[in-house]
Amino acid sequence: MTSSIIRFGNHTVDWKKSPHMLVSGVTGSAKTSALLLASLSSMSTKGISTDIQGMKSKVYFVDGKGALGSILNKDIAVTSNQLAKLLRIMVENMQSRYRNFSGLFGMDSTDYTDEIGRSVRPIIICIDELGIFLNDPKLRSEISRYLFQLLVGARQASIYVSPRLGQHVMVGIQRPSAEILPRDTSLQFNTRILLAPNGADSDTKRMLFPMTNVQSLPIVESNEVGNARGTGLIYEEGLNWMVPRPLYLPDISQIDIPGVVKRIEDEVNPNWFIKEDYWKEP
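Taking the numbering used here, the leading residue of the sequence shown gets 13, the next gets one more, and so forth.
One or more hints might be untrue.
What the hints assert, rightly or not - Restraint-style ranges between C-beta atoms, simulated for each label pair: (1) N112 - R275: 30 to 40 Å; (2) G78 - E191: 46 to 56 Å; (3) S108 - R157: 42 to 52 Å; (4) Q161 - E288: 11 to 21 Å; (5) A190 - P270: 15 to 25 Å; (6) R157 - Y290: 20 to 30 Å; (7) N22 - V272: 13 to 23 Å; (8) R257 - D213: 12 to 22 Å; (9) R130 - R275: 17 to 27 Å.
What the hints assert, rightly or not - Pairs of lysine to aspartate or glutamate residues, derived as EDC-like cross-links and limited to a Cα-Cα distance of at most 20 Å, are as follows: (10) K70 - E288; (11) K28 - E293; (12) K86 - E293; (13) K58 - D268; (14) K217 - E249; (15) K70 - D87; (16) K70 - E277; (17) K77 - D148; (18) K292 - D148; (19) K274 - E288; (20) K287 - E277.
To be clear, the hints were calculated from the coordinates, so they are not data collected in a lab. Idealized CB from N, CA, C, for every residue including glycine.
Make the full structure from the sequences, and use the hints.
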C-alpha cells in the first residue's frame, strides 16, 4: 500500500485531497526547485516518516527551457509537439485505467491492493514553464484541451475517480495570466503556490488565491540567507484555511539530484505494482 502524503518544505501535501499543484514565480524564485522537491518526495519509497510508506510515483518531466533535463541528467520532453503527445497518451491512459478499475467504486489507489499485495502506481506529470509550450499557436489549443481533461478527470469525481486513477499534474508558470491559463483551468489545481510573493503584482495574487483579499495575504519573511528565493505562500483546498500560509523550501542546490533519482529508481521493485498491459509510454 502506498501513501498519498509528501513532504514539501515546512508543509505536507496530501495528493488524495489535492491531486494537482500549480507553482507560480518569477525567474529566480526557485520554481523549478519546488517542482523537483515535490517530484522527489512523490517518487520516494520511504515516505515522510518511518511509519508512512512513500508514494513510489512515476514522474514524467516536461520543461520548455530544458533546465530540468540538465539537472536530472536525463532526456525529457522539451517541445510543444512532445508535450501534446505526452498529454494525449496520458489522457488515453487515464481513460483505460478508469475502465479497468471501474468496478471498484469508492476505492482509491492509495488503499487498494490486489490478492498478492500489489498496488496501483501513482503517476505525476510535471510541467515546468507551461507558458513556453503555449506560445506555439498550432498546438496551443490541443495542449490546453488535453491538460484540462487530465485536471477535470481527477477533480470531477474526486471521491472515487481521482485518487483511484492516481494521476496528478504539477505545473510551473511564471505568471498565471488568463491569456495563458484560463480561470476555469487554474482553479482545477487544488494546491496553489506563489513564490517570492512580496514582490508579486495583485493580478497574479488574485489569479492564484481568488477567494482571498490580496490585501490580507501574510507577509513572508526572507529565508536564512536574506532573500526571497524558496519562500512563498501555499494554499490547499479542503483544509479550511481562510488565507494562504507561508511556505519555506530548503535549498537543494548542493544536492546530487541525478544521484538521488537513481537511488530512488533502484529502490523501486516493479513487482510492487499491478501490471497494466494497456498502459502506453510516450
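Exercise for the section: Verify the proposed pairing of K292 with D148, using a straight-line Cα cut of 20 Å. Expected result: Given that 20 Å is the threshold and the Cα spacing comes to 25 Å, the pair is violated.
Exercise for the section: Verify the proposed pairing of K70 with E288, using a straight-line Cα cut of 20 Å. Expected result: Cα-Cα ~14 Å, so holds.
Handout entry: Proposed proximity, E293 with K86 (alpha carbon, max 20 Å)
Key = holds (16 Å)
Exercise for the section: Could you say whether the range 20 to 30 Å given as a hint is met by the Cβ separation of R157 and Y290? Expected result: holds (22 Å)
Handout entry: Given pair status - D148, K77, alpha carbons within 20 Å
Key = holds (14 Å)
Handout entry: Hint check for P270 and A190 - Cβ pair distance inside 15 to 25 Å
Key = violated (37 Å)
Problem - Distance restraint evaluation - N22, V272, Cβ atoms, bounds 13 to 23 Å - result: holds (20 Å)
Problem - Range hint 17 to 27 Å (beta carbons of R130 and R275) holds or violated - result: holds (23 Å)
Exercise for the section: State, for the Cβ atoms of S108 and R157, whether the hinted interval 42 to 52 Å holds or is violated. Expected result: violated (18 Å)
Handout entry: Straight-line alpha-carbon gap K217 to E249, limit 20 Å
Key = Holds, at about 16 Å.
Exercise for the section: Take a quick look at whether K70 and D87 sit within 20 Å of each other, Cα to Cα. Expected result: holds (15 Å)
Problem - Hinted pair K28 and E293, Cα distance within 20 Å - result: violated (24 Å)
Hints 2, 3, 5, 11, 18 and 19 from the list above are not met by this structure, while the remaining hints are.
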